[in-house]
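Chemist: Generate the whole structure from the sequences, applying the supplied hints.
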Amino acid sequence: MPVWLKAIVQSRAVWPVLALVLILIVAGSVSPNFFEIRIVEGRLFGNLIDILYRAVPTALVALGMAVVIGTRGIDLSVGSIIAIVGAVIVWRIKMGDPHITILFSALAAGILCGMWNGFLVSALRIQPIIATLILMVAGRGIGMLINQLYGGTDPSFESALLQWMSTGSIWLIPTRLILAAGIFLALWLLIRRTALGLFIESVGGNAAASNLAGVKAGLIIFVAYVLSGLLSAWAGVIMTADTHTSDPVSVALYIELDAILAVVIGGGSLAGGRIYLGMTVIGALVIQALTTATLISGLPPEYNLIIKALVVLSVLFLQSANARKAIGSLVSRRAS
Amino acid sequence: MKAKYALAGAALAASALMTTAAWAETIGFSQVGSEGDWRPAFSANMQESAKEYGIDLKFANAQGKQEEQLRAVRAFIAQGVDAIIIAPVVVTGWDQVLREAKDAEIPVFLVDRDVDVEDKSLYVTRISADFNLEGKLAGAWLAAASKGTCKVVELQGTTGSAPAIERKKGFEAVIDQFPAMEIVQTQSGDFTTEGGKKVMEAFIKSTNNLEGICASFAHNDNMQLGAIQAMKEAGLKPGEDVLMVSVDYVPAIKDALAAGEANASVELRSAVGKFIYPVVLDYIKNPTELDKWIVIPSDLHTAN
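Those protein sequences? They're chains Z and E, same order as listed.
For the first sequence, the numbering used here gives the first residue as 154, with consecutive numbering after it.
For the second sequence, the numbering used here gives the first residue as 30, with consecutive numbering after it.
Since the hints were derived computationally from the structure, they do not count as laboratory data.
Model, not experiment: these values are computed from the prediction.
One should not assume that every hint holds.
Now the stretches of chain Z that chain E is said to cover, found in silico as 3 or more residues with beta-carbon under 8 Å [as the list claims (entries may be wrong)]:
no.: 1; stretch: 193-206
no.: 2; stretch: 391-399
no.: 3; stretch: 439-450
no.: 4; stretch: 453-464
Below, computed lysine-lysine pairings styled on DSBU-like, alpha-carbon distance capped at 30 Å [what the hints assert, rightly or not]:
no.: 5; chain 1: E; residue 1: LYS261; chain 2: E; residue 2: LYS197
no.: 6; chain 1: E; residue 1: LYS198; chain 2: E; residue 2: LYS87
no.: 7; chain 1: E; residue 1: LYS266; chain 2: E; residue 2: LYS321
no.: 8; chain 1: E; residue 1: LYS149; chain 2: E; residue 2: LYS314
no.: 9; chain 1: Z; residue 1: LYS461; chain 2: E; residue 2: LYS197
no.: 10; chain 1: E; residue 1: LYS266; chain 2: Z; residue 2: LYS461
no.: 11; chain 1: E; residue 1: LYS94; chain 2: E; residue 2: LYS266
no.: 12; chain 1: E; residue 1: LYS261; chain 2: E; residue 2: LYS180
no.: 13; chain 1: E; residue 1: LYS149; chain 2: E; residue 2: LYS321
no.: 14; chain 1: E; residue 1: LYS283; chain 2: Z; residue 2: LYS247
no.: 15; chain 1: E; residue 1: LYS283; chain 2: E; residue 2: LYS198
no.: 16; chain 1: E; residue 1: LYS266; chain 2: Z; residue 2: LYS247
no.: 17; chain 1: Z; residue 1: LYS461; chain 2: E; residue 2: LYS198
no.: 18; chain 1: E; residue 1: LYS176; chain 2: E; residue 2: LYS198
no.: 19; chain 1: Z; residue 1: LYS159; chain 2: Z; residue 2: LYS369
no.: 20; chain 1: E; residue 1: LYS261; chain 2: Z; residue 2: LYS247
no.: 21; chain 1: E; residue 1: LYS314; chain 2: E; residue 2: LYS266
We put the beta carbon where it would ideally sit given N, CA and C, even for glycine.
Modeler: Written as structure tokens, this is what we have:
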């Protein structure tokens, strides 16, 4: 096997990207004009744009999840944070706040949720899965209570600013893509161009050892959950403005699972100590490409989840070192 | 003297009150919880219309838990109410408590959802809307509006849920009567605005901007509202280019109907006290065998 081929096969990036390409090829063969991109209503329009566009909330949540998982934690409350953010937005709109203030209130709500999670995990030392489960369970109820503050019978709204951020466009490109790219860059700089990334990975790898080395593990973990809360809040702003309504019971249901999945497809380990931001985005794209492909395939909806499970299983199978070794030895036996 | 008369008057009034209280029927109502928009409106209507019928209603909110509901029903039995109305949280696990009510000779009425019991004589009847009928009504409206020629895209509710299954069946039963009507695309939007929007976006691409599509049938209004947004963002005119029919009649769809972006919505009534209480009161006065399901008629609202 040539060296470059070996390098590609052994790279952790190759399998998720390959899966993404394969899903797109299959979708293209099922639906003839799948790759077509046109300009409609002043923005790019097509299945490929849809995949990028719809992957944004999951990708944002997954980026936060990647940071938290890097500390050997997990954040199950992301969907509930989105529900709370949505309720806060509609409540403040009905109260007549300026919409720029509402945007900051929404992000502040997410940060507050992240601080709560971070406090439980780093100060009280509650296991992350339990600590964030509390807000996961309570959050949607809190959202419903916030909706009660204005009566809650008709939670739909119009907001030029928030809708521009979610469904608007700048020079043909959907605004949410541009904003998400900016957030990704900012996060990447924060994680990779400051010591924070290194600290998070060291805390995730071995909290006790990094504490001895002078890294304040508690503070690092706290910051990770706050980041996750902030990114979830941004996803919440996009999702709420997208549908012009707050629906705390069912908005972003199971998004925590998709986010964890995106991190894992991207090569992250739940054992912590590693953050792969770019690959996490690829993971989110794989999930969304799969969803979009299933929607346009014309298959009955009963198959949606089974198809998803099978594709995820195969990606993870190919990523497993043991499975790859087995395939590798099979191939080399053939060659010799 | 005056004081004496006043006292006597008060005593008389009090005894009159007690008589009416003794005559008023006492009914226990165990509600599922307070989720969504529809159920709180349903609870409020049951409490308000109880007053109109002079019923002493004992209201218990089970907060979505069956054990809470069983406890409430047993409390009603212990209080010796005249009748019990249950909106069941789940369909199973009712045999024992219903038998206890039957032994105490307290009639039980079901509203909203069904229960699964072997002995159907354990409850008097179920009084509720019919999801199947809602689907039929939507189908009938569409058949008339499109004059029997229509390619439909369908936004299904949560896969496997009772309203999704029955609304689909009812709708199909009607459009199957018309050879030129068919469902060309169907997907689940999970009863949410978000889901409806995503699915409609995919439909718009897979059908080349809904070319040849004459209608969108959604199993609830929320999904239809999402579909309306997706169509507007793609430069289409919902309500004009494509007929929009859905179920629930929530406040937001009323606005859409007024704006001409939706065409018809089948109402899932929350003001059902006036359908439920007469049946219960008649039965208390004169217990006769009733049908096991009394259907509350559905209503359909259009733009004009």
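Chemist: Find the hints from earlier in the document that the structure breaks and name them by number, from lowest to highest.
Modeler: 6, 7, 10, 11, 19 and 21
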